[in-house]
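J.: Chains as they are written, first to last, in the numbering used here: chain X, 1 to 318; chain Z, 319 to 855.
Bear in mind the hints are in silico, worked out from the structure with no lab data behind them. Model, not experiment: these values are computed from the prediction. Possibly wrong hints are sitting among the right ones.
[Stated by the list, open to error] Below are the BS3-like pairs computed for lysine-lysine, each with C-alpha atoms no more than 25 angstroms apart in a straight line:
hint, chain 1, residue 1, chain 2, residue 2
1, Z, Lys837, Z, Lys713
2, Z, Lys421, Z, Lys347
3, Z, Lys848, Z, Lys713
4, X, Lys132, Z, Lys713
5, Z, Lys848, Z, Lys672
6, Z, Lys421, X, Lys132
7, Z, Lys713, Z, Lys672
8, Z, Lys672, Z, Lys401
9, Z, Lys672, X, Lys132
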Amino acid sequence: MRLFNDANFPFIEHRHVAYVFSTIVIVLGVAGMAFNIFSMGSWQNYGVDFTGGSLIQVQFRDATTAAQLRSALGGAQAPPITRFGEENEFVIRAPLGEEEVDVVRARLEDQLTAAFGSDLFTVVRTDTVGPKIGSELQRNAGLAILASFVLTLVYIAFRFELRFGLASVIATAHDIMITLGFLAVFRVEIALPTVAAILTIVGYSLNDTIVVFDRIRENLNAKGGRREDPTALVDRSINETLPRTVLTSGTTLVVLLALLFVGGAVIRDFTLVLILGVVVGTYSSIFVASPALLEIQKRLGDGSGDRDRKKRGARATA
Amino acid sequence: MLKPVRGRIIVILALIVVSLGYLYKNSIKLGLDLQGGMHLVLEVDDPDGTMTADARADAIDRAERILRTRIDEFGVEEPLIQKVGADRIIVELPGNTDESRAKNLIQQSAFLEFKLVLPVSELESALARIDRQIVGVLGEDVLREMGQDAEGPSQDVQNLIFGGQAADTLAADSADAAAEEQEEQLVNLRPFTALLASGDFEGTYLVALEDVEVANQFLAIPEVRRALPRDVSLHWDATPMGVGQRTYMRLYVTEEDAFLTGDMLEDASAQRDPQFNQAQVTFQFNRAGGRRFSTFTTQHIGDYIAIVLDDEVVSAPVVRDRIGASGVIEMGNADIAEAADLALVLRAGALPAKLRIMEERTVGPSLGQDSIDRSRIAGIIAVVAVVVIMIGYYKMAGVLAVLALSVYMMLVLGLLSAFDATLTLPGMAGLILSLGMAVDANVLIFERIREELALGRATRTAVDEGFQHALSAIVDANITTLITALILFQFGTGPVKGFAVTLSFGIVASFFSALYVTKTFFLIYLSGKKASDPISI
Chain X
1 MRLFNDANFP
11 FIEHRHVAYV
21 FSTIVIVLGV
31 AGMAFNIFSM
41 GSWQNYGVDF
51 TGGSLIQVQF
61 RDATTAAQLR
71 SALGGAQAPP
81 ITRFGEENEF
91 VIRAPLGEEE
101 VDVVRARLED
111 QLTAAFGSDL
121 FTVVRTDTVG
131 PKIGSELQRN
141 AGLAILASFV
151 LTLVYIAFRF
161 ELRFGLASVI
171 ATAHDIMITL
181 GFLAVFRVEI
191 ALPTVAAILT
201 IVGYSLNDTI
211 VVFDRIRENL
221 NAKGGRREDP
231 TALVDRSINE
241 TLPRTVLTSG
251 TTLVVLLALL
261 FVGGAVIRDF
271 TLVLILGVVV
281 GTYSSIFVAS
291 PALLEIQKRL
301 GDGSGDRDRK
311 KRGARATA
Chain Z
319 MLKPVRGRII
329 VILALIVVSL
339 GYLYKNSIKL
349 GLDLQGGMHL
359 VLEVDDPDGT
369 MTADARADAI
379 DRAERILRTR
389 IDEFGVEEPL
399 IQKVGADRII
409 VELPGNTDES
419 RAKNLIQQSA
429 FLEFKLVLPV
439 SELESALARI
449 DRQIVGVLGE
459 DVLREMGQDA
469 EGPSQDVQNL
479 IFGGQAADTL
489 AADSADAAAE
499 EQEEQLVNLR
509 PFTALLASGD
519 FEGTYLVALE
529 DVEVANQFLA
539 IPEVRRALPR
549 DVSLHWDATP
559 MGVGQRTYMR
569 LYVTEEDAFL
579 TGDMLEDASA
589 QRDPQFNQAQ
599 VTFQFNRAGG
609 RRFSTFTTQH
619 IGDYIAIVLD
629 DEVVSAPVVR
639 DRIGASGVIE
649 MGNADIAEAA
659 DLALVLRAGA
669 LPAKLRIMEE
679 RTVGPSLGQD
689 SIDRSRIAGI
699 IAVVAVVVIM
709 IGYYKMAGVL
719 AVLALSVYMM
729 LVLGLLSAFD
739 ATLTLPGMAG
749 LILSLGMAVD
759 ANVLIFERIR
769 EELALGRATR
779 TAVDEGFQHA
789 LSAIVDANIT
799 TLITALILFQ
809 FGTGPVKGFA
819 VTLSFGIVAS
829 FFSALYVTKT
839 FFLIYLSGKK
849 ASDPISI
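So that you can see chain Z by itself, here it is in the shape it has in the complex:
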């Protein structure tokens, strides 16, 4: 009796089994908006616009690899690290991750350098020149406004930013009369030197914490940078230190060129220093690095070495003896997690360039759960409404349509899990829209069958004609929507893409369900009837 449709039934059953199999195996990945998590779009930071397109592409390639290693080791489940376009990386961390830790892990360049600390006398000779350049570039009045005109350091940092204008009026007031006198003083102003106090060991200065910003402003002036002695660079300590009542920042005078960099590291790990119970990171060099390190330390016994991480000195041990292939970074009061993160980024390697956050989205898990619950309720109401309308309006044919629609649902979900697509909130809307289109296709067919019946055709003929005539409308409607969906996929990002994906899958499945599955069910329904028996539609 069912012989003519046996092939069709087998095809449908096979597709259902495959869909359920995929669903069981992969389950459907939920987007960050549903399960909560963090979404970052990163770009290579190139503020001066000096990188070539090739250099940027290369940097982003390497950055992607390094980020992958870092995040894998960080232990987030199912992270997504994806290169988009020529110079962007998307990082998605689902679940409830520690945002600031994750961001630090991703953004930290982790460029490790080992530099020799030089005696401050190397800088001393240049200090007068530096002061003159600062006075020359900023002008005496600006400095006066900043409160940087005297020997004593001042706290008023704000004025540096807003001081320019006020300085002009000041200058106008004191016009001619005081001009010569100021000229005299100008030579004696020592804006930079005034900030420096002698350091607690050779090769360092101390700068009061509140003056660090001003000092940085001075050091950022190109003329000042040129005034530095050749082969000398300055680095701040990573952490401030307290001396009596005041807090200072160490400023290290080091050789410009590092004798060793982090790319020669082989391993790094975090632990607690057994003696002082402080966090520390120990590292091992590879063979070449170890050789270079031991040669260098042999020649510099008694000197200090600055371990510079991203331009800040994290540790400055004195060389007491030849050091072999390993070393320690003392982390002071940092907690062990911070040390573990540092060890991790050191192991994974340095980023080739700074990464800048272009876009950041986070969704708390409670909001995601709320969205899932609400969508579920909306979905149930929608399904009930469709079932009631279809069966109420089309009776038995409506039942067939509802069965076909449930096959449609399984196919869509199967497709989503087979292609490892992510279900987002807009994605759910896409599903609902394609469900609407699947319903529409059935309605088109049934209305057509009714019309054909009204024209007095025999049941079987009316059904055949109905499917045949509805075909062109269904095809054209589905294809135009598919065009829109594909364009959305092409142009869209994130949530819009999710919508496009479910809509595309939905259209494919709805097309199949209306034209193949509904037809099959109709054939089964008709198989027990004579060609002229009435049908319930």
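Just chain X, same shape as in the assembly:
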């Protein structure tokens, strides 16, 4: 069986369609972030890991509705309650005021015991994070993404050429923007694993981009490669790696879908972000990274001629 054998799609020719599509998606995402800032005061739906606060997951023995739970926890003043996976399981999120970390939690448990009796529910999970830890996490997550950007840029610039590095960073930034936009629009709760998922996307997207770039590099360094029309060469490289791209992304997606459907509520958000990342990462390696490489080349020159001169030129533009 062969998929996309000898494919010959003019990807680059249609790159403008992709530009428009990506722009629309990113603008939608940014609009979502802006709307979030306006309506809930934060561009993302940060969970207690980042804001500090208490999260309690309770499982009731009998059928219980969110409304019952809400009235038990003080009606209109009740902290946000969401159903979690199973029928009788709920997650209660209480913000942290000036109080000590465990006071908030103890108060919630007392309220629950008072309303339902202690043997009718079990607390299956609690997360309580002090505000100091939360803000540290926010900073660390940002630093981690930035650091991985810089280091991979350096690595790719060293292994390939600087313009490849720049193009891959553009593609990765594109993927992250789309993912963040998705998270903002659907108000997916940002917890620690979500950050791990975003960083995985960075890794996956780079992986995909590198495979295409590796082929471009190879074709470029082959005999006569530097004299070939760059657009045709990039198109050829994408098409040559297309079977691999489809098979790998397909397999990864199958695995992730399995995780999504049977993996349970705990990792659902995490898996969802990864699935999105695989789709976006595959798309961007073809429609963003490769065109970006050509655009950079068009503006900054290079791609043909003396390698040494080119390298100097690349450094000068850096």
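Once you've looked at the hints, dock chain Z against the given chain X.
T.: Relative to chain X, chain Z alone:
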């Protein structure tokens, strides 16, 4: 026939044996999210910000040692006590532990002091001064709002917190006319003294339980603290006592300096008092402590001694005779477990500073089990999908890849157990991701071989070229992902770190499996064929 690959086969078999050996010996530790348990992040509490960085570092070092002793004795299996950064300790207690007991055990300072109880006359002279300071600082109106203006104590504690504003409007109303009259009364207000009833033995007062909070608010005022006589300190009893219909708290008047502290304890143990069947903790001093204790008690026969634990009096025996090297803390109605915990923390020693909980996570065992079950099902589905896709698409070469991938799995698990890594839920995701990368590496190689075959190369050459040309893409892809994983490891905490660890191990193993194991299997497969025989790919 297999001569050229014999070395390779031996290497692979050896690695499999080592991996399985580690797996058998260590098995894989499951994270708290999978097996349930409690995760705490503690920090030295320094509300005034007066500790120097050195002092904090020293405090956290000692606290870590003491916590280790306490938790070891508490009997949790495989606890983790780890210092992170300059001033934090992570404590992880797997399994189903009693949360509040564990927390108490960890947070209790366990600073034990022995102080002489002084006659209340030592304080009496200062009471008027204390009352004046309270009135002076809080103002009469606030006190009136609190209901602390009369001789009789009031229950309305809430007003102290919200009373400030209301007091202003009150003051505006009664403005000039009543001003002088209030001035008169001001001197006569006795907010603190009014709360005190005479104690049931010398050196104590009784304060109604509902007034304790107000009294504490008064005593927290710096001016009031300065108004206390020198060398005198006040301590609450640890437990309230009932007198008739009402419940009171004892307030002890003691010497400020302890004549003996807990660091001179040698041993402590819990038992039931045979006479009243009540829990108690007995303790022994070391030689120096015993000497000091007996000298002191010789001089103070007939006096009371307050045994103060973390600022509360847990016991106040009267000295009937010279006491040697041991003593008893009566625990009243506490159960024996509580006494055992107290004995434990006394043995382990006092924490050098208060520890504050910065982060607390607990996962019930049922949720953890559920996660394991679900991940297992997801894992099986994922593996089946990969096997079907690979063999369906690449036939015999796919079979070789699947074999190589199973070697990969054993290596990853072996690596995890060899490095004693903990498998968390995000960690499983990391495993799955690296499995994806291992598959990808095989796909890259096979696609390349197909391309080379399509170019008309002989089988053997095509295979060699395929591996060779796929190498650069595999190396670069793996290294960039490894960079990300290492950064995550550096910046991440808890669950993210778990993800980074399995991803890093996974990448190393996948790299090896694709380039070495798959190649070896290919060489075995090709060894029976002539250079130009077709292969199934």
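J.: Assess, step by step, whether the Cα of lysine 672/Z is no farther than 25 angstroms from the Cα of lysine 401/Z, and give holds or violated.
T.: holds (16 angstroms)
J.: Regarding the pair lysine 421/Z and lysine 347/Z, is the alpha-carbon distance no greater than 25 angstroms?
T.: Within the cut-off at roughly 23 angstroms; holds.
J.: Against the 25 angstroms threshold, does the CA-CA distance of lysine 848/Z and lysine 672/Z hold or violate the hint?
T.: violated (76 angstroms)
J.: Holds or violated: are the alpha carbons of lysine 837/Z and lysine 713/Z at most 25 angstroms from each other?
T.: holds (16 angstroms)
J.: Given the hinted pair lysine 132/X and lysine 713/Z, is their alpha-carbon gap at most 25 angstroms?
T.: violated (55 angstroms)
J.: Below or equal to 25 angstroms on CA atoms is what counts here, so check lysine 713/Z against lysine 672/Z.
T.: Measuring from Cα to Cα gives roughly 65 angstroms; hence the hint is violated.
J.: Would the hint linking lysine 672/Z and lysine 132/X be met if the CA-CA limit is 25 angstroms?
T.: holds (17 angstroms)
J.: Does lysine 132/X sit within 25 angstroms of lysine 421/Z, going by the straight-line distance between their CA atoms?
T.: Distance of about 20 angstroms is within 25 angstroms: holds.
J.: Given the proposed pairing of lysine 848/Z with lysine 713/Z, does the C-alpha separation stay at or below 25 angstroms?
T.: holds (19 angstroms)
Consistency note: the structure conflicts with the earlier hints numbered 4, 5 and 7.
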